[in-house]
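Asker: Protein chains in written order, with my numbering: chain A, 1 to 741; chain Y, 1 to 741.
Among the hints, a few may not be true.
20 angstroms max Cα-Cα, derived SDA-like pairs, lysine to any residue [as the list claims (entries may be wrong)]:
1) Lys482(A) <-> Glu598(Y)
2) Lys686(A) <-> His413(A)
3) Lys486(A) <-> Ala621(Y)
Partner residues aside, some chain Y positions facing chain A, computed with beta carbon under 8 angstroms [as the list claims (entries may be wrong)]:
4) Pro306
5) Glu521
6) Tyr609
Everything labelled a hint here was simulated from the structure, so no lab data went into it.
Don't be surprised by glycine CBs; every beta carbon is placed ideally from N, CA and C.
Number of protein chains: 2
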Amino acid sequence: MNRSAKTLALSISLISGLASTQSLLAAETLLGFDAAGSAAQRALEADFDSRIDAREMEAWLRDLSFEPHHVGSPKGYANAQRLAELFTSWGYATEIAEYEILFPTPKTRELELVSPGSFTASLTEEALDEDPSTSRTQDLLPPYNAFSRDGEVEAELVFVNYGMPADYEVLERHGISVEGKIAIAKYGRSWRGIKPKLAGEKGAIGTLIYSDPLDDGYGQGETYPQGPFKHESAVQRGSVMDMPTYPGDVLTPGIGATPDAVRLDRADAPTITEIPVLPISHKDAMPLLAAMGGDVVPAEWRGGLPITYHMGPGPARVRLKLEFNWTMVTAYNVIARLEGSEFPDEWVIRGNHHDGWNHGAADPISGLVALMAEAKAVGELAQAGNAPARTLIYAAWDAEEPGLIGSTEWVEHHAAELSEHAVAYLNTDGNSRGFINIGGSHTLEKLMGGVTADVIDPQTGVSVDARRRAMLTLEGSNARIKNEAKNRAQLRISPLGSGSDYTPFLQHLGIASINIAFGGEAQDGSYHTLYDTYEHYLKFRDPGLYYGVALAQVAGRATLRIANAQRLPFEFAGLTDNIALYLSEIEALTDALRSGTEDTNSLIDAGTYDLALDPTKNLGAPSSNQPVPYFNFARLHNALTRLDAAATAYEGKVDQPASAEVNRLLYSSERLLTRGHGLAGRPWFKHHLYAPGFYTGYGVKTLPGVRESIEQLQFDAVDEQIVIAAQMIEELAARVEDLSR
Amino acid sequence: MNRSAKTLALSISLISGLASTQSLLAAETLLGFDAAGSAAQRALEADFDSRIDAREMEAWLRDLSFEPHHVGSPKGYANAQRLAELFTSWGYATEIAEYEILFPTPKTRELELVSPGSFTASLTEEALDEDPSTSRTQDLLPPYNAFSRDGEVEAELVFVNYGMPADYEVLERHGISVEGKIAIAKYGRSWRGIKPKLAGEKGAIGTLIYSDPLDDGYGQGETYPQGPFKHESAVQRGSVMDMPTYPGDVLTPGIGATPDAVRLDRADAPTITEIPVLPISHKDAMPLLAAMGGDVVPAEWRGGLPITYHMGPGPARVRLKLEFNWTMVTAYNVIARLEGSEFPDEWVIRGNHHDGWNHGAADPISGLVALMAEAKAVGELAQAGNAPARTLIYAAWDAEEPGLIGSTEWVEHHAAELSEHAVAYLNTDGNSRGFINIGGSHTLEKLMGGVTADVIDPQTGVSVDARRRAMLTLEGSNARIKNEAKNRAQLRISPLGSGSDYTPFLQHLGIASINIAFGGEAQDGSYHTLYDTYEHYLKFRDPGLYYGVALAQVAGRATLRIANAQRLPFEFAGLTDNIALYLSEIEALTDALRSGTEDTNSLIDAGTYDLALDPTKNLGAPSSNQPVPYFNFARLHNALTRLDAAATAYEGKVDQPASAEVNRLLYSSERLLTRGHGLAGRPWFKHHLYAPGFYTGYGVKTLPGVRESIEQLQFDAVDEQIVIAAQMIEELAARVEDLSR
C-alpha cells in the first residue's frame, strides 16, 4: 500500500471513529458558555464554517499579491482601498487610519570585493519565466534592510556565523575582533536586526547578511522554480530597526504618528542601526567568502557553499556604499468595526497586516485572506441576526514589514481606549501547510485547546490538536514535551516574543493576545524575496488553500467564542503551570551557568586548555567569568503558590455566567502583568512575563527581567527583578482571588 | 601574548615543574621490575632515547616513500631488501619470509553516466606541480578496491549515505530498495568493505564509494596542495575483502600461503565481494549525484557538494565495468630477530607494515621509521652489552593494505610456535601530530599507563599521558570519560577491532597486543590517495618528525619493558574493570533496545506516525520489531565478581620476581580469552572479548558473541553466548587465582 492509499484508508477509519468523538465533544459545554449557550455557539460555528470559501480566498490572494505592495506603494494603497470596500460591503463600519511614518528606501546600493581580485555584487533577483509574477517588478523595492543607516565603508571581512553573542565568544577564542571590519553573517537563528546591532556594539563598521544554501537553499531541497527553496539570486529583505528597544515609527516612540505628533530628529532616533547593513544572495556572497582566509570555522559554523569557510579577518576586502531616501510616507491601516449586540464596549480585535516586502503572497496575504473570509462570514451571520455579543474589530495593518509600524502607531494612538475596552487581540500573518502553531497569553490556552480540538485537519481527518499531538509525540525535543503531547489536558501554547503585530497589544498595553498559524510541512526560502508569489504559494505552500480554510476555522472560532462567551474564557491554572515551568527553566539555567562557569574557570586555572589545544592553531582558552551567585527565588515560588491556589479556586467559576464587571476583571488581568516602568533599558516593553529577547530579537524571553539579567551576567540586578516579577504575580493572584469569591 | 608565546611560557613553567615529577617517577619501581631492575631499566631507556634520531628517520621516510610500493611492485621488493640489509647491519638475524598470495590489480575500470545526459568518470588523480612525488607514478595502481569481483552492470543509482545498517532502515521508510540498483555510498563511519557487503546483501548489483568533501575535503579545510585536505580528484583506495569473516590471503584461510599450501578455488573464496565496487573522487561523483532525483535526503545525510542530495532511485543511470588481473604475487615480510639473553624462548614481537597503496608516506612509513629507529637503537644497545632479556622480533609486513595478508600468513604459518612463545605483539602503522592513542589488551593497560607517563610530549613539555588527559578532560564525549581523565590511575586503552596487523596475533591466536599511534592534530584526506607523500607528510602531518620520535619512545619503552621485566607486566584489575564496563554497556544497550522497540511499536500501533508524517511525502512509519526479551546476565556478573577478587589478590604479586612458569602463565592468559570454535559464522576469529564488528568492520565489538547477537536481534542465541563468555572469564579467573597463590 503506498502512502497515499494508506493515508486515505487511515482518514476513513479515523473519520468514522470521529463521529462519536465529535458528538462527545458537542455534548461538552464550551469554556465560558452554559449548555444552551454552547449549543447555540456550536450551531453558529457550523454556519460560520459553511461560509468559508477556499476559491474566494484564492481569488483574493491572487488579486492582493499581484504586484509588490509595500507601504508607500501604489498597490499598497490600492489594496487598502480594496479591503476597505470589501469590509464595508460586508457590513462593517470601516475607516482607513492613516499615520505619517519614516520609511527609508534604497537610493544607492554598492558592494564590491576590492581585493584579492575584484567582484561587483549584482544585488538583483532574477525574473523567472516559470513565474510571471517575478517579472512584475515596476514598484519593486530592491533587496535592502530597512533602517540601516547611510554609509560608505571599506574594510576586511570577518565571518561571524549567525552573528549571535555565542559566535563572538568563539571569535574571541580565535583572537579575532570585528573592530574596524565588516562583519558577514548568515541569516537565521536570531532575528536579523540583532546581527548589525551586535556587530556594531563589537566595533564593526558594516554588516552583510546572506542566506546560506545549507539553511534554506539547495541544501534543503529543490530550489525555485523546480522546488520551493531559495533561488541562488534570492535575497531576504527585512527591517533591522532595533525592535527589541521599541517597534513602530522610529521618530515617534510611545505615541501615534499622527500628522501633528512631536517627532524625534532622525539623527536622534535610537532604533536606526549604528552601522550600514545590506542583505545579499548566496550567489553574491560566494566570491566574497571564497576570498577569505584566516582560521577555518568550527564544524557547526559551516554552510553549504563549495568552499572552505574561514573566519578572516580578510584578506577579502570589500567596499559597501548605502544611501537611502529617508522619506515620510502614509501607512494605511484598514479598521473595520462590527458593534457588539450585548457588550459593545468590550472589543475583540482580529488583525493581519496587508503590506508585503514584494508580492507577499505568503507573507502576509495568506493570513489576510483567512481574516477576510472570517470577517465576511461574521458579517453575513450578523446580517442574518447573529451579531456578535461583543464588538469585533478587524484590522488590516500597513507597514508591518519595516517594523510593526501600522499596528504600533494605531495602538499607541488609541492606547487609552484600548486599555479600557480591549478584551483580546488575535493575530495571524503568513500561513502554510502543516501543524497548528499557537502562541500567546496562557490565560487563553484552555480556550485554544478547545478550539483546536474542534477543527479538523484537512489531510488526516483528525482534529488539528490531535495531529499536533502526534507530531510532538514523535518529534518533541524532550521527554516533557513528548509526555505532555500525550497526556496534558491542553497542549501548551508558546509564549510570544515579537515578529508580528501582536507586539504592541501584548507587550506595550498588556492586552491578552493570540497568534495563530499552520506550518511545518512547507518550509522554503521564499520569505521576503521576489519569489514569495501567488505561483510559489499555490504550488508549494498550501495548494488548494486547505490550510487557509483551517486557519479561518481556528481563528474564527477563537474570535467568536471570545466575542460571545457568557463569561470571558480566561483561566489561570494553565497560566500558573506555565509560569512555574519558566521559573524552573530559569533556575536550571542559573545552576547550569554556575556549574559551567566553575568548570571553565577551574580548567583555565589548571592550564587544561593550554595543554589540550593545538599550539599551532590560534584557538585559545575562553575567558574566565565571574562566579554566579545564588539568588533568592523564594518570593517567586511563594507568589506562584498563591496564584496556584487562587487559580484552582477559580476553576469552579469558569462555567458560570459572569457580570460585566467580572468580565472586565477577567480581561484586564493581563494588564497586571505589565509595569509602567517597562523593562530595564527599554521602557516601551511593559510586559514582565513575555518579551522579545534583547539579543535574540523575535525569540521570546519569559520572565524577561529576571532571565535576561542572569543571561547577561548582570547579577546585581537579579534580586530586584525577582521582586518585580513576584509582585506582579502577587497582584494577579489577588485579582484571581477576587474572581474566585 | 599570542598563542606561541603563551605555549612557550607554559612549556617552560611546566618543564621546570616537571623535574620534581620526573624524579618522583624515577623513584617508583616499574611494573614487573624490582628497585634495582627499575633503575637499570630507566638508565637503559635514557640511553635508548638518546639514540633516536629524527633526521635519520626523515631520510628513511623519504627513501622508502619515494615511489609507489604496493605488494608485488619493484619498489615494494626493493624496500624489503633495504629493510633486511638495515636490520642485518644492526645486528639482527634477518630473513625475508615469502608468501604466495592472490592480489588483484585493475585491468578495466569504466564508469559512465548513461542518462540523463552523459558523463564519463576520469578515475584519475591529478599530478601537482607543488608535489614532485605525485608525478612519480610509473608503478602506481590506479584507484580501485582490492577484492571487488569482476563485473559489468548498468542500473539506476540509489544514494545510501554511509551504507550502514541504519541507513537502509531510513531508505526502507522511504520505500526505497537497492534491489537491482547500484548503490552510491560515502566513505566514512564504517570500514569501506562493509558498504558493498551490505549493499550486496540488500540486492544491489554494484557499489560506488566516494569521498564527500564535507568529510575530508574542502568542508574540513584547505585542500592539497594549499592545505592537507582531500584534493578534488583524490580517491581513497582500499581493500574490500570481507575481513570481518577472515583477513589474509583469500585462498588460504587459516593456513600460511606457502607455495605448497592447499588453496581454495577463487570462485569459492568467501571474502571476495559479491558485487563489483569502485571508489571514486567527489569530482567524479558530482555529476552522478547531481543527476539523481527522488526523495531529498535527511539533514544528517547531506554532504558538502553544492547540490540537493537525493536518494533516488535514479533517474541517474550508470554503467560500471570492472575487470581485474587476478595474479599471484609474492609478499615479502622482513623478520629480524634478536635472541634474548635470558629468556630466548619468550618472544616479544614488534611490527609495522612496509607496503603502501601509493607512496604511502604516512601509511605506513611514518610508523615504520619509528620501528626502524627502535630496532637500530636496541641493536646498538645489545652490541654495547645490553641485549634484551627476551627475544625481540621486529617485523616489517608486506601486503597489509590488501587485507593484513603478510602478517596473517606469517601468523597462520607459525601458529604453533607463536602460541607457545609469543609474549606480546606491539603494532604501529601511520602516525601524526597530536595525542597518544593506545589500543590493545587490557592486561597491558597499566604497563602503557606507566610508559606514557614517562614520555614527554614534544609540543607542551608534559607527559603524553598528561596531554591526553587534558584533551579528554575538555573533549571527552561523556561525564565518565571526563572524570576518568582526571582521576583514573591509568587511562583506559581502547579495545581493538581490526584495521592493522595486530589482528591475526590478537584475534586469531590470543596473543596480547598493543597498537600505538599519535594523532588528532593533523587530520587530512590523504589516506590511501596519490597525495600521501613525503612532501605532504612533512608539511602537514608531522613536520620535523617530533611525533615520530615520541612514537619510538613509547613503543620502544613498551617493547623493552616487556622484554626485560623480571615479572611480565600483565595485570588483571584494569582488565576486570574494562570487562565490567563492557557488560554494563551491553545491558544498557539491551534496555535501550527494549524500550525503544516498545515505544516504536506502540507508536506504530497508535497510528502516530500516520498522523504526524507529511502525507504528501514518501517517508512512512518504521517497521515494527520483535519485542526484546530479558536475558540472564547473572552468570557473567558472577564470573566477573570472581575475576575481580582474583585480580585484587594478584595486585600483591606484581612487584615480585617471577619464575619462567609464572611468566608463561601470565602471557598465555590472553589465550584463555579465545575459543577454538571462534565466533558464530566466522570461526577464524577466536577472541571472545575483542572482535571487529561484523557490520562495522574495523570498529570493535567487545564481548562480541553476546553483543552482536543482541544488536542483530538474534535473541535466541544470546543466552548461549553469555554462557560462553562467562566460561571464558571463569577460566581466566581460575588462572589468576593460580597466579595469586
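Asker: Confirm or reject each hint.
Answerer: Against the structure, the hints:
1. Lys482(A) <-> Glu598(Y): holds (15 angstroms)
2. Lys686(A) <-> His413(A): holds (16 angstroms)
3. Lys486(A) <-> Ala621(Y): holds (18 angstroms)
4. Pro306: Holds: closest Cβ of chain A sits about 4 angstroms from Pro306(Y), inside 8 angstroms.
5. Glu521: holds (5 angstroms)
6. Tyr609: For Tyr609(Y), the interface hint holds, since the closest Cβ of chain A sits about 7 angstroms away, which is under 8 angstroms.
Figure legend: structure checked against the earlier numbered hints; every hint is met.
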